[in-house]
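S.K.: Residues per chain, in single letters:
Number of protein chains: 2
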Amino acid sequence: MNIDDIVRGIFQQNIRSVAKGISFVENNPSEADLIVNPIFEKTGNARIIGITGSPGAGKSTLTDKIARIINQKGLSVGVIAIDPSSPFSGGAVLGDRIRMNSLSTVEGIYIRSMATRGMLGGLNRACLDAVDILDAAGFDYILVETVGVGQDEVDIVKVSDLNIVVLVPGMGDDIQALKAGIMEIADIFAVNKSDRNGVDKLLTILNHFKTISEKDTPIFQTVATSGKGVNDLVNFLVNTVNKKDTKSINERRQERLKYRLVKIIQEKSVDLILSKSGRNFDDEINSILSRKKTPYDVANKLMELLCK
Amino acid sequence: MNIDDIVRGIFQQNIRSVAKGISFVENNPSEADLIVNPIFEKTGNARIIGITGSPGAGKSTLTDKIARIINQKGLSVGVIAIDPSSPFSGGAVLGDRIRMNSLSTVEGIYIRSMATRGMLGGLNRACLDAVDILDAAGFDYILVETVGVGQDEVDIVKVSDLNIVVLVPGMGDDIQALKAGIMEIADIFAVNKSDRNGVDKLLTILNHFKTISEKDTPIFQTVATSGKGVNDLVNFLVNTVNKKDTKSINERRQERLKYRLVKIIQEKSVDLILSKSGRNFDDEINSILSRKKTPYDVANKLMELLCK
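Respectively, the protein sequence lines represent chains A and B. Residues in the first sequence are numbered from 16 upward in steps of one, following the numbering used here. Residues in the second sequence are numbered from 16 upward in steps of one, following the numbering used here.
Rather than coming from a laboratory, the hints here were simulated on the basis of the structure. Treat the hints with caution; some may be incorrect.
Given that identical chains are not distinguished, each listed pair holds provided it fits within a single copy or across any two copies.
[What the hints assert, rightly or not] Cross-link-like lysine to any residue pairs, in silico, SDA-like; alpha carbons within 20 Å at most:
1. K273 - K316
2. K173 - I200
3. K273 - G59
4. K258 - T58
5. K173 - E270
6. K308 - R267
7. K35 - I54
8. K308 - F55
9. K307 - N265
10. K273 - T309
11. K273 - L289
12. K216 - D298
Excised from the complex, chain A in its bound form (with noise of 0.2 Å):
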């Protein structure tokens, strides 16, 4: 299947094509401008929310549940969950991850996993190019999910044109351990497993915060496993982002070109002065490594490598 058919593909739906799509912009970084380029003009539609939250919190399931009940509203829904973890932590996480796979069979739902590869990072660049090519293939939402702790992963969910951060009552307070400055940035607070013991407390935290930041976000409690409150989230979720063309989601929308713009650049330049500098790489390592020049001499003798 070449570039052509993957691009006309996109255009009618196909949801092969969308997954060739993905697969081409996460392994040909050099080239995404490829798959990106000629379906540009047909992206702006969608809705892009992002979820996020501490482990544990079950993101997954949440996600799932929200997926479905926007499926119900007739509309169709885009997934892309950022880096599962290590099957290694154990059966639960992947669990969820398979279960979730199961929805890819339901209509107007799928879901695509994608985790970095290689040291130039470029996830958040190739998730961007997905959202772009679920958006394309006239996907009604896209739900981006990633873990609420790592950098790269609060970034790529902060700039979506909404935000949920997902937390979860009574499992101690160290184990919440939410990135820094996330909370700032939720437009909903779901407060998930919302059945458990130490739900009041957790909302006496929320509500402080609230205090104190002086934003009204909106709480949630939500069971994801049966579905109970999700309804509701969802309710106040579509019909937040239908207020179209506000000011927020413009300004929103600004912050993740510029965002997707640093991260192109980033890669791009990286991946240049690695195809041009070839095996000097190596000896300008070991250069450095005899403390013979500094890492910044090196660095700004091979960014000249740019312009040639």
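Please arrange chain B on chain A, whose structure you already have, making use of the hints.
M.R.: Only chain B this time, still in chain A's reference frame:
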């Protein structure tokens, strides 16, 4: 205090100068070389240890204990703790930080927290600059502590001389949500809070991992709060990294430099483009928003600025 004074102070092992140097490379990405270049020839002697693990595994308490025990051997220890969690995630994590900071008054141990600001990233670049500063100041050991979840957070410990992965029993499988690939980079497993229920189950999982990965990664059972088992871990650690100039440590240092060059180049490229494009950058964003141009078109155009 000017740059020369900071550099002189670093060589004199003056902790205020070390702190100022680290703040400088954090806050002045485009001028970090002003500090790193003059100190670089004095680097390369410290042992750099990564400590990473699941949220709630007690990493900061364990790092604290490891630092103290190394220090008791007459060696100085610098600790870089990356990205403290949100204070709203509960008191314990913030508490750990505060308690750890009390170590900064202990002779021979210096502790520094670092967190990202801004969209350009640069945390890991600044972290490696800080490692150089501590190294040039003569610290024997540098411990870099991160959570084992995000990509950046895992990348930075991956390039240590030696890497400890901290796990904890009995928290439920869904919580130990380490990033895929992190188990594979461990040189030491620390099963912390090993007085808890579930330690046998966790040891079974780890031994299963060792069997299928065909790696003989040692496992230490620790209770960081009481110090139990940490001595044995530190003895192994010191013995291992003291096998100086082994092939594997040199390879890791090459990897670390390669990674560092990538990070410097990524930050410099974007920094240069943003400063050269000025108001133009926002115009380009708007041309993408209106679908007149694609992100890749604009990225290519902006990259031409690198050569002007």
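S.K.: Next step is simple, just say for each hint if it's right about the structure.
M.R.: The hints, checked one at a time:
no., hint, verdict
1, K273 - K316, "between (27 Å within a copy, 14 Å between copies)"
2, K173 - I200, "within (6 Å within a copy, 29 Å between copies)"
3, K273 - G59, "within (15 Å within a copy, 37 Å between copies)"
4, K258 - T58, "within (18 Å within a copy, 56 Å between copies)"
5, K173 - E270, "within (9 Å within a copy, 31 Å between copies)"
6, K308 - R267, "between (42 Å within a copy, 18 Å between copies)"
7, K35 - I54, "within (14 Å within a copy, 49 Å between copies)"
8, K308 - F55, "between (44 Å within a copy, 8 Å between copies)"
9, K307 - N265, "between (50 Å within a copy, 16 Å between copies)"
10, K273 - T309, "between (31 Å within a copy, 12 Å between copies)"
11, K273 - L289, "between (24 Å within a copy, 10 Å between copies)"
12, K216 - D298, "neither (58 Å within a copy, 47 Å between copies)"
This entry does not satisfy hint 12, going by the numbered hints stated previously; all others are met.
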